[in-house]
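Spelled out from the first residue to the last, the chains are:
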Amino acid sequence: MSVKCPVCGKAAKSGTAIDCARHMFGTGDKAHRAWFESQGLSYIDLLLSQTTEPGNKAYVTVAELIEKAQKD
Amino acid sequence: MEKHLLRITVNDRDYELFINPKTLLVEVIRDHLGLTGTKRGCESSSCGCCTVIVEGMAVKSCSVLAMQVDGMTVTTSEGLEKNGKLDAIQKAFLDNGSYQCGFCTSGMLMSSKALLDENPSPSVMDIREGIDGNLCRCTGYNSIVRAVAAVARGDYREDKQ
Amino acid sequence: MKCNVINTPVHNVDGIAKVTGRATYTFDVTVPGMLFGKILRSPHPHARIKNIDASAALALNGVRAVVTGKDTLGIKQGIWRRYKELCDEQILPLEKVRYIGEPVAAVAADTEEIAEQALDLIEVDYEVLPAVYDPMEAIKKEAPEIHEGFERNINVTRHIEWGDVDDAFDEADYIREDWFRCSGQAHACMETRCAVASYTADGKLAVWTSTQSAYYHQVLLADVLGLKESDVRVIAKYVGGGFGGKFELDAAQFCSSVLSMKLCKPVKIVFTREEDFIASKRRTPMYYYVRTGVKKDGTFLAREARVFTDGGAYTGMGATALYLTGFFHSFPYKWRGYRHDGFRVYTNTLPSTSMRGFGTPHATYCSELQIDLIAKELGLDRIEIRRKNGHTPNYEVPGQATIASCGLEQCLDEIEKWIKSRGELPPNRGIGISSYGFMSGGIFNRFDTPYSFSSAVVTINYDGKVDLHVGAQDIGQGSNTTLAIICAEDLGVRLEDIRVHSGDTAECPPDLGAWGSRQTLMAGNAVKMAAGEAKRQLLEFAAAQMSPNIVYDLDIKDRWVHLAGRPERGLDYFEVVKKALRGKDGQRIMGRGYYTPHRKGMISPAYSYGVQALEIDVDPETGKIKLLNCVTAHDCGQPINPLGLTGQLEGAISMAAGYGFLEDIPIEDGMVMNPNLVDYKLIRAPDMPETEVIEIETYEPEGPFGAKEAGEGLTNPTAAALATAVLDAVGVPIKELPITPEKVLNALKEKKAQ
Numbered sequence: 001m002s003v004k005c006p007v008c009g010k011a012a013k014s015g016t017a018i019d020c021a022r023h024m025f026g027t028g029d030k031a032h033r034a035w036f037e038s039q040g041l042s043y044i045d046l047l048l049s050q051t052t053e054p055g056n057k058a059y060v061t062v063a064e065l066i067e068k069a070q071k072d
Numbered sequence: 073m074e075k076h077l078l079r080i081t082v083n084d085r086d087y088e089l090f091i092n093p094k095t096l097l098v099e100v101i102r103d104h105l106g107l108t109g110t111k112r113g114c115e116s117s118s119c120g121c122c123t124v125i126v127e128g129m130a131v132k133s134c135s136v137l138a139m140q141v142d143g144m145t146v147t148t149s150e151g152l153e154k155n156g157k158l159d160a161i162q163k164a165f166l167d168n169g170s171y172q173c174g175f176c177t178s179g180m181l182m183s184s185k186a187l188l189d190e191n192p193s194p195s196v197m198d199i200r201e202g203i204d205g206n207l208c209r210c211t212g213y214n215s216i217v218r219a220v221a222a223v224a225r226g227d228y229r230e231d232k233q
Numbered sequence: 234m235k236c237n238v239i240n241t242p243v244h245n246v247d248g249i250a251k252v253t254g255r256a257t258y259t260f261d262v263t264v265p266g267m268l269f270g271k272i273l274r275s276p277h278p279h280a281r282i283k284n285i286d287a288s289a290a291l292a293l294n295g296v297r298a299v300v301t302g303k304d305t306l307g308i309k310q311g312i313w314r315r316y317k318e319l320c321d322e323q324i325l326p327l328e329k330v331r332y333i334g335e336p337v338a339a340v341a342a343d344t345e346e347i348a349e350q351a352l353d354l355i356e357v358d359y360e361v362l363p364a365v366y367d368p369m370e371a372i373k374k375e376a377p378e379i380h381e382g383f384e385r386n387i388n389v390t391r392h393i394e395w396g397d398v399d400d401a402f403d404e405a406d407y408i409r410e411d412w413f414r415c416s417g418q419a420h421a422c423m424e425t426r427c428a429v430a431s432y433t434a435d436g437k438l439a440v441w442t443s444t445q446s447a448y449y450h451q452v453l454l455a456d457v458l459g460l461k462e463s464d465v466r467v468i469a470k471y472v473g474g475g476f477g478g479k480f481e482l483d484a485a486q487f488c489s490s491v492l493s494m495k496l497c498k499p500v501k502i503v504f505t506r507e508e509d510f511i512a513s514k515r516r517t518p519m520y521y522y523v524r525t526g527v528k529k530d531g532t533f534l535a536r537e538a539r540v541f542t543d544g545g546a547y548t549g550m551g552a553t554a555l556y557l558t559g560f561f562h563s564f565p566y567k568w569r570g571y572r573h574d575g576f577r578v579y580t581n582t583l584p585s586t587s588m589r590g591f592g593t594p595h596a597t598y599c600s601e602l603q604i605d606l607i608a609k610e611l612g613l614d615r616i617e618i619r620r621k622n623g624h625t626p627n628y629e630v631p632g633q634a635t636i637a638s639c640g641l642e643q644c645l646d647e648i649e650k651w652i653k654s655r656g657e658l659p660p661n662r663g664i665g666i667s668s669y670g671f672m673s674g675g676i677f678n679r680f681d682t683p684y685s686f687s688s689a690v691v692t693i694n695y696d697g698k699v700d701l702h703v704g705a706q707d708i709g710q711g712s713n714t715t716l717a718i719i720c721a722e723d724l725g726v727r728l729e730d731i732r733v734h735s736g737d738t739a740e741c742p743p744d745l746g747a748w749g750s751r752q753t754l755m756a757g758n759a760v761k762m763a764a765g766e767a768k769r770q771l772l773e774f775a776a777a778q779m780s781p782n783i784v785y786d787l788d789i790k791d792r793w794v795h796l797a798g799r800p801e802r803g804l805d806y807f808e809v810v811k812k813a814l815r816g817k818d819g820q821r822i823m824g825r826g827y828y829t830p831h832r833k834g835m836i837s838p839a840y841s842y843g844v845q846a847l848e849i850d851v852d853p854e855t856g857k858i859k860l861l862n863c864v865t866a867h868d869c870g871q872p873i874n875p876l877g878l879t880g881q882l883e884g885a886i887s888m889a890a891g892y893g894f895l896e897d898i899p900i901e902d903g904m905v906m907n908p909n910l911v912d913y914k915l916i917r918a919p920d921m922p923e924t925e926v927i928e929i930e931t932y933e934p935e936g937p938f939g940a941k942e943a944g945e946g947l948t949n950p951t952a953a954a955l956a957t958a959v960l961d962a963v964g965v966p967i968k969e970l971p972i973t974p975e976k977v978l979n980a981l982k983e984k985k986a987q
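Residue numbers (my numbering), protein chains in the order written: chain A, 1 to 72; chain B, 73 to 233; chain C, 234 to 987.
Bound-form chain A, shown alone:
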C-alpha cells in the first residue's frame, strides 16, 4: 500500500513511509511543520538531529509515525 503524506496527501513514487518522511521534512512549510508539533515532536530538533548526526534516525522516527497515522 502506498503511504500518503498526512498533511497534503502526496505519495512518493516508491510509496514507502521513509520517502514520505523525506518529503515532509523537505517541504518544511508551516502546515507540514505543524504536523510535527501535533505529534509532540519538534521539527527543528528532528532536523537538527538529521543534519548533524550520521544515519537516518529522524527520518525513521517520522516514518514510523506516518505509518501509524496511516493505520489510524
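FYI, nobody ran anything at the bench for these hints, they're computed from the structure.
Note that the structure is predicted; figures quoted are calculated from it, not measured.
Among the hints, a few may not be true.
The calculated label-pair distances, taken between Cβ atoms and stated as ranges, are [claimed, not checked]:
#: 1; chain 1: B; residue 1: S135; chain 2: C; residue 2: I408; range: 55 to 63 Å
#: 2; chain 1: B; residue 1: S193; chain 2: C; residue 2: D614; range: 53 to 61 Å
#: 3; chain 1: A; residue 1: S2; chain 2: C; residue 2: R832; range: 22 to 30 Å
#: 4; chain 1: B; residue 1: V196; chain 2: C; residue 2: R414; range: 31 to 39 Å
#: 5; chain 1: B; residue 1: D204; chain 2: C; residue 2: K653; range: 31 to 39 Å
#: 6; chain 1: C; residue 1: K984; chain 2: B; residue 2: V196; range: 31 to 39 Å
#: 7; chain 1: B; residue 1: P192; chain 2: C; residue 2: K914; range: 26 to 34 Å
#: 8; chain 1: B; residue 1: V196; chain 2: C; residue 2: M906; range: 32 to 40 Å
#: 9; chain 1: C; residue 1: R414; chain 2: A; residue 2: S2; range: 47 to 55 Å
#: 10; chain 1: B; residue 1: S135; chain 2: C; residue 2: E345; range: 15 to 23 Å
#: 11; chain 1: A; residue 1: A69; chain 2: C; residue 2: Q987; range: 53 to 61 Å
#: 12; chain 1: C; residue 1: R832; chain 2: B; residue 2: V196; range: 46 to 54 Å
#: 13; chain 1: B; residue 1: S135; chain 2: C; residue 2: P934; range: 25 to 33 Å
List of simulated lysine to any residue pairs, SDA-like, C-alpha gap at most 20 Å [claimed, not checked]:
#: 14; chain 1: B; residue 1: K94; chain 2: C; residue 2: R466
#: 15; chain 1: A; residue 1: K4; chain 2: C; residue 2: D400
#: 16; chain 1: C; residue 1: K495; chain 2: C; residue 2: R466
#: 17; chain 1: C; residue 1: K373; chain 2: A; residue 2: S49
Positions of the beta carbon are idealized from the N, C-alpha and C atoms, including for glycine.
Given chain A, put chains B and C in place with the hints provided.
Leaving out everything else, chains B and C in the frame of chain A:
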C-alpha cells in the same frame, strides 16, 4: 615629558623637530611632517604598510623610534619621484597593475626599491621573499613580482640615468 | 565589435596618485580642530547594561565628551531597511550587549592617548547573561535568548525549491550525503574601518569614511541621526579595501558622528587592527548538509541541502549571504529537483555578513568536493560529469533565473587540455578542479527601492574634456577605470579625456555602490546610457554642420566625428564641441543615464562562469600544502580592462586560497583568539602559486559592450579546488575548512587505519 631634538632628512629635505622621545618614526613621518603616503595597517609590525627606506635599508617605520634614526636619511614613497619623473619601480607598478586599493602600495614600493638596490638581479623567489614582510589583500602579489622582475630585467633602464 | 579603448592595457585612472603616495584615504584625513575618538567595548559576550558612569572620564583633562546609547535616538538599524524586524542593531546599545567587543560608549578627546586613558575611567555596571557561541547550540530549546521574539534564535530562514525533488531522488541510482563545515574569514582590509565626522552649526554633517557605498552611508546615517539625507555628505575618495565588509554602518562612522553632533567639532575614529578583527564583521561561518542523487551515468537529478549559518549577534547583510549560498549551491549545474533550506542563527559572537563571494565560496566548496566524491564512487571522469550537467547558454533555472551568455563548456575544455598537458604527476601531488559562477549584481534590493539601480552623468566641457559623475564606488577594484573606459569607448574619445568623479554624495548621483559584483554591469550600463545621450546631442549638431546625405549615420571614434560608412569624411571632435557650445551661454553638453534590471528573474541580470584548476603538493609527513599552479578559464563576457582583470583574478586566488587552508577566526567563550596579523594568517608573497588566466570571451546581451562580473565570482572556486586537489593528491576528502595540516594528517591516519 622632556622633548628631544630630532634632526632628520626626509626625501632630500632637512627637518629639525622637538619630539617626545617615545615617538615612532611613522608618527613623525605622518603626523609631524604630514607625509601621509606612508600608511599603518597594524600594531604588530606585520603588515609592512609603513615601510620606508632608512640609509638604503627597508625599515618598518612603526618598529623604530624616531630618535633611533636621528641624523639619518629617510625616503618615503613621496620621495621616489624626482622632478616630476617617476622612478622605474613606480612605472613598473603602473604598467603591471601592481596596486588596487593602494593602501599597501607605498610600503610595497619601498620594499621593492630596497630589494632592487641591494640585489639588482633577483630571482622570482628572491623577489617573493623580499616582499614577504608586506601584506597585500588585493593583488595576490604576482603583479608586484612581475613589476619588480621587469625593473630587474632592465625594461626601464633609460630612466635610471 | 572593434574597440579602441576596451580591452587594451591601460594605467588605472588613479594610478599616479597611488604610486606617488598622494592618494588620501580616510585614514589620512585631517580637519582643522579635529578631535580623536575611541570606543569602549564590552568585555562580555552577553550582558545587560545596568549603568554607565562616565564622570571620572569626563573629569580627565583633554576629554571633550563621552556618549552612550542614551545620547542617541536609540534607533535599531540594519541594511535590510525595508524589513524592520531585521533592523536589529543599535550601534551604542541601550539595554544589552551581545558580543565581546560591542561598543558601549565613545569618547572624544584632544589626543588619541587621552581618549584611550578615558576609556579606563568609564565604569560600566553589567549583569552578565548566559551566552551561546555556536549556531547548532543556539538553536536548541534551552539556549539563551539573544534577541527577543526570535524563537530558537533563528534570525532568518530561506527555502528555495524547484522541480519535484522527491520524484527526482526516486529515480536516482546513487545517492550521497555529506556534512561540511565552513569557517569564517576576516575581510582584513589594509585600511581598517575609520571615519572623520564633522557636524557644523548649520545642521550639516560631513563624514569622510572608508566605504563601499557612500550612498548607503548617507542614508543610514540620516536614519539613525534624525537628519535629512541631503544634510549628510559622505566622502570616500580612496578606500583601502572593502571585500564586502564596508557597506554596513559601523561604529567608527556612527560614534564619530554622534560625538561630532554633540560638540560641533570634527572627530576622527580609526579602528585598531584588533578592533577590526573582534568588532567589525566577517564572512559567515556555515554548517552544510548536502544530499545529492544521480544516475549511474553521472546525470544529476536532485539535490537537497540544509545550511545553518552562524549569524553572530546581528543581521546586517548576513541574510543575503543565506539566500545567495542557497541559490549558488546549485551552480553551475542543472538539477531536475533542487531544494535548499537555510537557517541563520544568532549567536553571541561578532556579526557575520557579506564577504567577497557572498556565501558562494562555501556553497561551491561543498558542492564541488561532493561531485568529485560521486565521480570517484561511480568511476566517472570528473570533467565529463561537470560537462554533462553544466549550464548552457539561454538556460533557465526554473522560476529563479534566466541565463543568456554562458561559456562553461569552453572553460571545461580549456582546463581539461591544461590538466592533460601536466602529464603524470609525482606522488603526493594533485590537481583539483572547481567550476563556478556568480551574479553580475543582485536584482533584489532590500535597502530602498524594490530593484537595485545605478546612475551616471556625463558632461562634455567646452574644451571637449569629459566629466563623468558616478555613484559607483572605487574600493581598489578599479571601477573608476572600468567606467571611464566604457565612457571613452562609447563617446569616441580617449581615456585621458575622461575625469571620473566618485565617492562623494554631494556631487555624485545615487547608486547602491560596490557589492554583489554589480558595478561593471549596472553602473557600466548607466554610464553607457549617459555617454550615449551626450553623444547624441553632439552628433545632432555635427549633422547640421556636415549636412551629409540622409542615408549616413554619424559616429565618433578616437576623437574623430565622421560618417559611419565613410570614415574619411569627418571633423575633429574638439572643434565640433567648441562650435556646438559657442553661443550656448555657458551650458555644457550633459547626458544622464541609469540602469535597473527588468524581466531577468529574481537573482541577477547576468552570470559569469568559469573553471579553475589548482595544482598542489601535500607533504604526507606534516600535512602541509604547497600551492604550485593555478589556471583559471574564465567567462566574464567582454573583458573591459585586461590588467584590472588579471589583478582581480590573482587577488581573488590569494583571498580564496587563504580561506581554503590558512584563514580562520577561532572563537573561545565568545573571544576571538587571533585578533592580529601575526596569528591571523594571510597569504604572503612566497605562498602564492603561479597563476594563469584563459579568457573565454562571450557576449552578454544585458551587459555594457557585452561585459559581466569579473572579480567577486573568482573567489568562489579556490577553496573548492584546494579540497579536490587534496583528494586528488592523497585521496582524502577534507570536509571542514580551513584545510589545516592537522586535518590532513588526521584524515591520512584514518585512511591508513581502514
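Item to complete: Just pull the numbers of the violated hints for me, sorted ascending.
Response: 2, 3, 9, 11, 13 and 14
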